[in-house]
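Undergrad: Residues per chain, in single letters:
Number of protein chains: 4
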Amino acid sequence: MEDKLVLGGKEFKSRFILGSGKYNLNLIKAAVEQGGAEIITLALRRANTQESENILDYIPKGVTLLPNTSGARTAEEAVRIARLSRAMGCGDFVKVEIMRDTKYLFPDNQETIKATEILASEGFVVLPYMNPDLNVARDLQSAGAAAVMPLAAPIGSNRGLAMKAMIQVLIDEIDLPIIVDAGIGKPSQACEAMEMGAAAVMANTAIATAGDVPEMAAAFKLGIEAGRKAYLTGMGRVLARGGSASDPLTGFLR
Amino acid sequence: MEDKLVLGGKEFKSRFILGSGKYNLNLIKAAVEQGGAEIITLALRRANTQESENILDYIPKGVTLLPNTSGARTAEEAVRIARLSRAMGCGDFVKVEIMRDTKYLFPDNQETIKATEILASEGFVVLPYMNPDLNVARDLQSAGAAAVMPLAAPIGSNRGLAMKAMIQVLIDEIDLPIIVDAGIGKPSQACEAMEMGAAAVMANTAIATAGDVPEMAAAFKLGIEAGRKAYLTGMGRVLARGGSASDPLTGFLR
Amino acid sequence: MEDKLVLGGKEFKSRFILGSGKYNLNLIKAAVEQGGAEIITLALRRANTQESENILDYIPKGVTLLPNTSGARTAEEAVRIARLSRAMGCGDFVKVEIMRDTKYLFPDNQETIKATEILASEGFVVLPYMNPDLNVARDLQSAGAAAVMPLAAPIGSNRGLAMKAMIQVLIDEIDLPIIVDAGIGKPSQACEAMEMGAAAVMANTAIATAGDVPEMAAAFKLGIEAGRKAYLTGMGRVLARGGSASDPLTGFLR
Amino acid sequence: MEDKLVLGGKEFKSRFILGSGKYNLNLIKAAVEQGGAEIITLALRRANTQESENILDYIPKGVTLLPNTSGARTAEEAVRIARLSRAMGCGDFVKVEIMRDTKYLFPDNQETIKATEILASEGFVVLPYMNPDLNVARDLQSAGAAAVMPLAAPIGSNRGLAMKAMIQVLIDEIDLPIIVDAGIGKPSQACEAMEMGAAAVMANTAIATAGDVPEMAAAFKLGIEAGRKAYLTGMGRVLARGGSASDPLTGFLR
Numbered sequence: 001m002e003d004k005l006v007l008g009g010k011e012f013k014s015r016f017i018l019g020s021g022k023y024n025l026n027l028i029k030a031a032v033e034q035g036g037a038e039i040i041t042l043a044l045r046r047a048n049t050q051e052s053e054n055i056l057d058y059i060p061k062g063v064t065l066l067p068n069t070s071g072a073r074t075a076e077e078a079v080r081i082a083r084l085s086r087a088m089g090c091g092d093f094v095k096v097e098i099m100r101d102t103k104y105l106f107p108d109n110q111e112t113i114k115a116t117e118i119l120a121s122e123g124f125v126v127l128p129y130m131n132p133d134l135n136v137a138r139d140l141q142s143a144g145a146a147a148v149m150p151l152a153a154p155i156g157s158n159r160g161l162a163m164k165a166m167i168q169v170l171i172d173e174i175d176l177p178i179i180v181d182a183g184i185g186k187p188s189q190a191c192e193a194m195e196m197g198a199a200a201v202m203a204n205t206a207i208a209t210a211g212d213v214p215e216m217a218a219a220f221k222l223g224i225e226a227g228r229k230a231y232l233t234g235m236g237r238v239l240a241r242g243g244s245a246s247d248p249l250t251g252f253l254r
Numbered sequence: 001m002e003d004k005l006v007l008g009g010k011e012f013k014s015r016f017i018l019g020s021g022k023y024n025l026n027l028i029k030a031a032v033e034q035g036g037a038e039i040i041t042l043a044l045r046r047a048n049t050q051e052s053e054n055i056l057d058y059i060p061k062g063v064t065l066l067p068n069t070s071g072a073r074t075a076e077e078a079v080r081i082a083r084l085s086r087a088m089g090c091g092d093f094v095k096v097e098i099m100r101d102t103k104y105l106f107p108d109n110q111e112t113i114k115a116t117e118i119l120a121s122e123g124f125v126v127l128p129y130m131n132p133d134l135n136v137a138r139d140l141q142s143a144g145a146a147a148v149m150p151l152a153a154p155i156g157s158n159r160g161l162a163m164k165a166m167i168q169v170l171i172d173e174i175d176l177p178i179i180v181d182a183g184i185g186k187p188s189q190a191c192e193a194m195e196m197g198a199a200a201v202m203a204n205t206a207i208a209t210a211g212d213v214p215e216m217a218a219a220f221k222l223g224i225e226a227g228r229k230a231y232l233t234g235m236g237r238v239l240a241r242g243g244s245a246s247d248p249l250t251g252f253l254r
Numbered sequence: 001m002e003d004k005l006v007l008g009g010k011e012f013k014s015r016f017i018l019g020s021g022k023y024n025l026n027l028i029k030a031a032v033e034q035g036g037a038e039i040i041t042l043a044l045r046r047a048n049t050q051e052s053e054n055i056l057d058y059i060p061k062g063v064t065l066l067p068n069t070s071g072a073r074t075a076e077e078a079v080r081i082a083r084l085s086r087a088m089g090c091g092d093f094v095k096v097e098i099m100r101d102t103k104y105l106f107p108d109n110q111e112t113i114k115a116t117e118i119l120a121s122e123g124f125v126v127l128p129y130m131n132p133d134l135n136v137a138r139d140l141q142s143a144g145a146a147a148v149m150p151l152a153a154p155i156g157s158n159r160g161l162a163m164k165a166m167i168q169v170l171i172d173e174i175d176l177p178i179i180v181d182a183g184i185g186k187p188s189q190a191c192e193a194m195e196m197g198a199a200a201v202m203a204n205t206a207i208a209t210a211g212d213v214p215e216m217a218a219a220f221k222l223g224i225e226a227g228r229k230a231y232l233t234g235m236g237r238v239l240a241r242g243g244s245a246s247d248p249l250t251g252f253l254r
Numbered sequence: 001m002e003d004k005l006v007l008g009g010k011e012f013k014s015r016f017i018l019g020s021g022k023y024n025l026n027l028i029k030a031a032v033e034q035g036g037a038e039i040i041t042l043a044l045r046r047a048n049t050q051e052s053e054n055i056l057d058y059i060p061k062g063v064t065l066l067p068n069t070s071g072a073r074t075a076e077e078a079v080r081i082a083r084l085s086r087a088m089g090c091g092d093f094v095k096v097e098i099m100r101d102t103k104y105l106f107p108d109n110q111e112t113i114k115a116t117e118i119l120a121s122e123g124f125v126v127l128p129y130m131n132p133d134l135n136v137a138r139d140l141q142s143a144g145a146a147a148v149m150p151l152a153a154p155i156g157s158n159r160g161l162a163m164k165a166m167i168q169v170l171i172d173e174i175d176l177p178i179i180v181d182a183g184i185g186k187p188s189q190a191c192e193a194m195e196m197g198a199a200a201v202m203a204n205t206a207i208a209t210a211g212d213v214p215e216m217a218a219a220f221k222l223g224i225e226a227g228r229k230a231y232l233t234g235m236g237r238v239l240a241r242g243g244s245a246s247d248p249l250t251g252f253l254r
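Chains as they are written, first to last, in UniProt numbering: chain U, 1 to 254; chain F, 1 to 254; chain D, 1 to 254; chain P, 1 to 254.
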């Protein structure tokens, strides 16, 4: 039986999701072709612009769009953006992002719960971006979220799993896919998130700012697959002290 | 131009080396078939036994044997084992392992330098296992080592890159392949070692003790490839404080 | 000018606060005498019991009681406990603790904001226990909190500064004393929290479960004072790579 | 019974040792008066200079001088410096420092063993600076060292306990005082080294480069004392997962 990520009843083979942000057509192409991404996040306003290059024209067939509500400061604004997105033909998926400030761009957990509840009741597949918090994750689940997306570190920081302890609690306690979002800066960190039991990893800045974008997209794909395999097979025990001769024949010469 | 690992003039595509230790035929098969290993470490005495199953019969064609001198307590003993290995037809490669105790199995750096010098002068391709130390790595280079193999953590501990700071110094300062050996317990740790600039990673216990050996071998292969790609392409900057809007369009709704 | 912690207009010399929990009279005595604690947290119901030993009789003169609302699951329950506490003569200080489950005992941030607003408007000096979150800390400040008390790690875990990244953000951004609560297991961790700029550290389990309670109370006192001094004087730069001869005379012999 | 550090038969109450390096008279005064240092390291050539201010004139009565062999590249040079130091009246204590390069200033373990053996046989109290390595520590003990001084991180880097894993092994296995030297940048790191079981901590750069030298000396004194007390009393268990209600009365309201 194949290992699949299921979101809103839809199956995905890839567990790498391209975040929105430092966009250009090369990055999208690399994410899909080298990174194997089947889901691409998009700030709605970008789709809505009159720019000569409409980014929607460049989304490959078979890729699921995940519009986000970036720019919303309240549940009400997020709901409005999501409805507009669906009306424009961007589909039922929506990533709820509600932020109050522009320095750290931390999500507003409480407004996010409200927006999730409204949007889920309207049939959206809701993936809320959140500050990791067990009580909030439970509320998001009750509100009908299809997954929860805790931040690993401040967005764009490339600092890795700074919130690791709380993300592990969510993985252990919440019966929804946990998608690690924001702050992942290297394939090894994406790999570690998957080893912990995350369902998927979202990245953008780490790839967009790499020396070679397609190669870094490929590196994330491999790292995420490595971590998933390791999680599924189960890892060995760790020794806090001492070593252990790995060779049963080890012993000194006589 | 393809990225190759070169040891003793021989080229390898794979940067995963199967360490000796918890051996069985399934592990060797998995390391080669799922892990892509082109080099397999072997405790010499195993090749030399009268066991009904001679392990050498199971080493696939095209795989390079890396006999080690496990069991040696002195340079003299290590040299003797290496010569015997070559005489038995195991080839010119040798991993020098000289240990004094059976609790942590830490290498004896000084005896290792001596053995390396003698064996290199006799035409061996010498890969010495060492406690990471910049002065010792320089001495091993002068002695003719083909690479240096610093330990990441006590062998068999699965504790990961405990000696990371000193391994980074070796990578930065020594003009030889640095092969991270011992203690690597997860694909994410192998990936991180490669991101730092290691030339290859050796593992055994982490794979041998996994729930599914072939799957874990495959996971290590992917993790090592991910880290290598990320190292070659170059990673983005890390923010010590604050975040960074990844989306140039981010800003609040008006 | 002396360095003081100011909470609700009251000045404290000590920055070690005894948390509630694993209580016995020896621990209280040690916290005050060896630890120098001037604030002691107390689960209200304890004060209210008919036990032969009423714990309030053992609180030394000059020590400020900080009753908590432990056991409350909602803002309403927390408010009720706080009012009862004041009516019983326990004073105006209150630590708001609102929890939904008994496994991790994580605070419910949203109910905590509500309770803080009500209690602050009634003249209480409110110290809310919280899951670290910048938006919530801002809301608590607006609600009239006298300080915020983010958890470092799950309560009673002795795991140290697991939430370090987010606690640093609170220290950098919030203009209220940040009191690190829960999870601090060793004096070095309390010291590090103070070096980061925390205003005070609360501990209980780490001291209550030590081999020698008065000695561990004394150790926390010293560690907290060390960290505070280091923070106030300012620490030197850290080198990411390389070393630096500390001796201007260093150089090789000629 | 009082807790004492014993080196070469001499007893010390303080476990903070002032390293050599960024010297000025204020630093020495602060180390002794605020830091409580009873041992001060000194690069021999400084004592030997014709400078108008002879540093020896400023060493307080009752403080033990620990001349080092800084500048020596070989055992022979180190031995020569040590003998000269004793002849000049600097006493029997000597810190063996043998370095080959000026970038990281890492000790040469093998030459250090040789010098230790010669000097110990001549009646010196030898404290060798070393790259942490269990086999080398054993050789230093056999050679007659009075303690071993592993580096925590490259000297002057303020990076803290980068070599923590190997230092813990030395503490667990070697029956000599382990004095953590080089790289300690904050009181919390000195405190942690002591909690691990180190016998003493040497620092210089962290104090010399602080905003207020006497205050930072005092902070190190407190941090070291905190860690020592915690080590002696024994620390509680750490929970890898979950929390633990610290209050036996915790439970929800009925």
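One thing to keep in mind: the hints can contain errors.
In silico DSSO-like cross-links for lysine-lysine, where the CA-CA straight-line distance does not exceed 30 Å [claimed, not checked]:
1) F/K114 - P/K164
2) D/K29 - D/K61
3) U/K4 - F/K114
4) P/K10 - D/K164
5) F/K103 - P/K164
6) F/K114 - P/K10
No lab work stands behind these hints, which were simulated from the structure alone.
Undergrad: Now tell me, hint by hint, if it's right for this structure.
TA: Structure-based check of all given hints:
For the suggested pair F/K114 and P/K164, the alpha carbons sit about 28 Å apart, so the restraint of at most 30 Å is met. For the suggested pair D/K29 and D/K61, the alpha carbons sit about 12 Å apart, so the restraint of at most 30 Å is met. For a cut-off of 30 Å, the pair hint linking U/K4 to F/K114 is broken: about 54 Å separates their Cα positions. Distance check on the hinted pair: P/K10 and D/K164 sit about 42 Å apart at the alpha-carbon level, beyond 30 Å; violated.
A C-alpha spacing of about 18 Å is found between F/K103 and P/K164, which places the hinted pair at or below 30 Å, so the restraint holds. Between F/K114 and P/K10 the alpha-carbon distance is near 39 Å, which puts this suggested pair outside the 30 Å criterion.
The structure shown violates the earlier hints numbered 3, 4 and 6.
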